[in-house]
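Protein chains in written order, with UniProt numbering: chain A, 1 to 210; chain B, 1 to 210.
Hints were generated in silico from the structure; no laboratory data involved.
Do not rely on the hints blindly, as some may be mistaken.
Each pair may be met inside one copy or between any two copies, as identical chains are not told apart.
Unchecked claim - Below, simulated SDA-like cross-link-like pairs (lysine to any residue); rule was C-alpha separation at most 25 Å, straight line:
hint : residue 1 : residue 2
1    : Lys49     : Gly97
2    : Lys58     : Asn25
3    : Lys156    : Ala186
4    : Lys156    : Leu203
Protein chains: 2
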Amino acid sequence: MDARLHLLPNGPAGPGPRRADATRNHALLLDTARRILDESGVEGLTMDKLAREAGLGKGTIFRRFGSRTGLLREMLNEIESDFQRRFMSGPPPLGPGAGAAISADAVTRLIAYGRERIELLSIQGDLLRASEEIGDERYSSPARAVGLLHLRILLKQAGFDGDIEVASFTLLAALEATLILYENRAEHISMQRLADGWELLVLKITACTS
Amino acid sequence: MDARLHLLPNGPAGPGPRRADATRNHALLLDTARRILDESGVEGLTMDKLAREAGLGKGTIFRRFGSRTGLLREMLNEIESDFQRRFMSGPPPLGPGAGAAISADAVTRLIAYGRERIELLSIQGDLLRASEEIGDERYSSPARAVGLLHLRILLKQAGFDGDIEVASFTLLAALEATLILYENRAEHISMQRLADGWELLVLKITACTS
Numbered sequence: 001m002d003a004r005l006h007l008l009p010n011g012p013a014g015p016g017p018r019r020a021d022a023t024r025n026h027a028l029l030l031d032t033a034r035r036i037l038d039e040s041g042v043e044g045l046t047m048d049k050l051a052r053e054a055g056l057g058k059g060t061i062f063r064r065f066g067s068r069t070g071l072l073r074e075m076l077n078e079i080e081s082d083f084q085r086r087f088m089s090g091p092p093p094l095g096p097g098a099g100a101a102i103s104a105d106a107v108t109r110l111i112a113y114g115r116e117r118i119e120l121l122s123i124q125g126d127l128l129r130a131s132e133e134i135g136d137e138r139y140s141s142p143a144r145a146v147g148l149l150h151l152r153i154l155l156k157q158a159g160f161d162g163d164i165e166v167a168s169f170t171l172l173a174a175l176e177a178t179l180i181l182y183e184n185r186a187e188h189i190s191m192q193r194l195a196d197g198w199e200l201l202v203l204k205i206t207a208c209t210s
Numbered sequence: 001m002d003a004r005l006h007l008l009p010n011g012p013a014g015p016g017p018r019r020a021d022a023t024r025n026h027a028l029l030l031d032t033a034r035r036i037l038d039e040s041g042v043e044g045l046t047m048d049k050l051a052r053e054a055g056l057g058k059g060t061i062f063r064r065f066g067s068r069t070g071l072l073r074e075m076l077n078e079i080e081s082d083f084q085r086r087f088m089s090g091p092p093p094l095g096p097g098a099g100a101a102i103s104a105d106a107v108t109r110l111i112a113y114g115r116e117r118i119e120l121l122s123i124q125g126d127l128l129r130a131s132e133e134i135g136d137e138r139y140s141s142p143a144r145a146v147g148l149l150h151l152r153i154l155l156k157q158a159g160f161d162g163d164i165e166v167a168s169f170t171l172l173a174a175l176e177a178t179l180i181l182y183e184n185r186a187e188h189i190s191m192q193r194l195a196d197g198w199e200l201l202v203l204k205i206t207a208c209t210s
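Bound conformation, chain A alone (with noise of 0.2 Å):
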């Protein structure tokens, strides 16, 4: 799993060195592949591209990710941890903060939820589009099971009063990056329009008892 064994046959016998030049390794191809995401979007980051501006040999990218979607899946993680940690454990209104009434804090941390995941499509949209392309993940992938509980979480503390499994899909739904690239890119909806939509959809699914 040592991306240098192979391009050091004959290096340092002992894994320190080596472990260091894979992990410096590991992190400038992760860097170089988010320039190359920024510069020429997903279609863009081929594996040959990524070598050849990494001045790395493909074997070791193949070797280091398995495949290209295996680099996308590292990335996207990379994206979706940290937004975890903002949600789960940041500062308000995202996250929980300390010491704030549980009750009072549902609804607005749900609409920055929202909000801050149409900031962060804006910004990162394509890969995470790419997400709902890899395989069956679409409805199935950690990130979005993790999303889901926060929303049901959020849902029973806001004092909904429905059924919370489907409001939580049919919430994360309006969020996906399929949809809302497509609302902003082909039907010209701005981020805004976006976020200002799932403010009010929020604002009334909880506000509003049946």
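Start from chain A and add chain B according to the hints.
Just chain B now, with coordinates in the frame of chain A:
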């Protein structure tokens, strides 16, 4: 474009009988395709199997539908056209009926739209889900455009006080075949619960002013 030309190079010269044959073949192929779909699902509907079970040449089928995608598209068009007829001009509660007061009727029709769509998905879900995977039609298919327009008209009639365009996308996303089938099959949420969840969503976003 006449499917019989190839089968009957020395057949009757007039277009009449050949057209009648073509129409008959067309109906036979669609009937057979529907039966295969019921028995074996979308995956089981191959051009080979269709040719064998309809007793026609594969060439005839390809000339008629262009490709397997073309065949699926035509089957989808039939289903969507029928659904459109029902919600645009059919009997209430899905359709407008005759003489009812428009403002009282819109919420009922919104509820019926989702309930009937979920009912349709419980029967034709695999085929409708396939349409979401044909090319880039997931959001831009004509059937979807008609559905969005319909929802917008009803939201306006129901006095929805927010961004109608954004709300129509949110509502339609909640009824996507891919999502509904995932909720039902992978998450074991019954179609009844999904239909009730839709009704609550409609009631909350139309009855509640923010």
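Hint by hint, work out which the structure violates, then give me just those numbers in ascending order. Hint 1 alone not satisfied by this model.
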